[in-house]
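Visitor: Since chain Z is already given, all that's left is putting chain A on it; use the hints.
In order, the protein sequences belong to chains Z and A.
Following the numbering used here, the numbering of the first sequence begins with 317 at its first residue and continues without gaps.
Following the numbering used here, the numbering of the second sequence begins with 5 at its first residue and continues without gaps.
Read the hints as simulated data drawn from the structure, not as lab findings.
Cβ atoms here follow ideal geometry from the backbone N, Cα and C, with glycine treated the same way.
Heads up, some of the hints might be wrong.
Pairwise CB distance ranges, derived in the manner of DEER restraints [stated by the list, open to error]:
1. Z:N427 to A:L238: 31 to 41 angstroms
2. A:E109 to Z:Y466: 33 to 43 angstroms
3. A:P77 to Z:T373: 38 to 48 angstroms
4. A:L55 to Z:V323: 44 to 54 angstroms
5. Z:V323 to A:R13: 47 to 57 angstroms
6. A:T160 to Z:S429: 38 to 48 angstroms
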Amino acid sequence: MIGTIIVDGLFAAIAAIGFGAISNPPRRAFLSIAIAAAIGHALRFSLMHYAGVDIITASFCASFVIGWVSLFLGSLIYCPMTVVYIPALLPMIPGMYAYKTVFALLLFSRNLSDPEMVQHYMQEFFVNGIVACGVIFMLAVGATLPFILYPSKPYSLTRRPSESKAD
Amino acid sequence: MKVEKDFHRIVDFVTEYAVRLMGSGVHTSRVVRNTLRISEALGVTTQMTLLHKTIIFSIHDKESGQVVSDVVPVKGYPISFFLNSELSSLSWAAYDNHLSLDEIERRYKQIVATPRINHYLLTSLVACANGAFCQLFGGSWGAIGIVFVATLIGFTLKSFMQKRHISHYVVFVITAFVSSAIASVAMLFNATPDVAIGTSVLFLIPGVPLLNGVIDIVESHILLGVTRLVGALLLIMCIAVGLSITLSLVHNGLVLL
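Same shape as in the complex, but just chain Z:
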């Protein structure tokens, strides 16, 4: 069980670094991104597989933790929180649910004359659509909560103590 969780975190960290690299983060942020992503994804995996929590709630818990982790790590490397937590959240973006929602819509409109199929694809559309929207919304909200709960600190993470360090 512990092994599975660690492997999950490890692969999530690789995914976060790779997908994050597309958006060109500063070099010093890569380690923080990997740590935040591993903690968040492993937490979501454990909650879903061992505690039976649904994907939307589990994503919220994971992103809430990622938010605080990125606040702490961001203050160490003088990076805004978003620079750490957006790449760290990328492996949890429900991409598969998102395009399955579009598929369900396509198939729904292709089977309009068959009431059984219509019902089936409508259900698929709602299940996938609600998971996709719910997870994306909860990921962003959870990670933004430190802004809302503790607003003074996150706004000044890139403020360096003295000029000599800024150069």
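Guide: Chain A alone, transformed into the frame defined by chain Z:
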């Protein structure tokens, strides 16, 4: 006392700074905060109306009382978290150390000119990432290898087309089709083909605009947030279209559902 020429240089710099942040995929409230901070450091007050394609500025010189309005188009740059953090740092440095406009401009040019991550390194990182994703979805080692290759080719093709300024939508449809078509090789080896095909296009999902959109909405920049989400939704539809071409060719219909 500031001469008028200096004031106009400040206006040009502040608008350039804000537009650059907005174009590089920084969420709206940070664009506003950083721009107001750097304006403060330069002795002017800035008011801004932010739209997706233009920003309207009204900049007020505190000493002379002069006010200038400016409407500046937002150019789309590739998303860069490097600019996000370094330009934020610059605004704090300017604010805390009362840097001169010349010094701020010098540092700004230096930050903007910093090269992006090496293309070949980036391509292999993305391919590793998508392979890791395939593992997370329960793909076999064979599927992971196939997804790695599919992403390598897909991402190279995407960068190639984007350099030629082909429409985003066309790029996403073609890339999704090619990546998933390569990943469908997994059917020959019976290496969890549904996972391989399903994850081969996930590197295209526009995750950053999706998250930025929700962050904007939560921080009550609702109009811009919705704009970002609609843009991301259109790209997801393009991915679905490209993937459905592959599925109708090799999979006898959209059996992923």
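Visitor: Please go over all the hints and tell whether each is borne out by the structure.
Guide: Here is how each hint holds up against the structure:
no.: 1; hint: Z:N427 to A:L238: 31 to 41 angstroms; in the structure: violated, 24 angstroms
no.: 2; hint: A:E109 to Z:Y466: 33 to 43 angstroms; in the structure: holds, 34 angstroms
no.: 3; hint: A:P77 to Z:T373: 38 to 48 angstroms; in the structure: holds, 42 angstroms
no.: 4; hint: A:L55 to Z:V323: 44 to 54 angstroms; in the structure: holds, 45 angstroms
no.: 5; hint: Z:V323 to A:R13: 47 to 57 angstroms; in the structure: holds, 56 angstroms
no.: 6; hint: A:T160 to Z:S429: 38 to 48 angstroms; in the structure: holds, 43 angstroms
Violated hint for the displayed structure: number 1, the only one.
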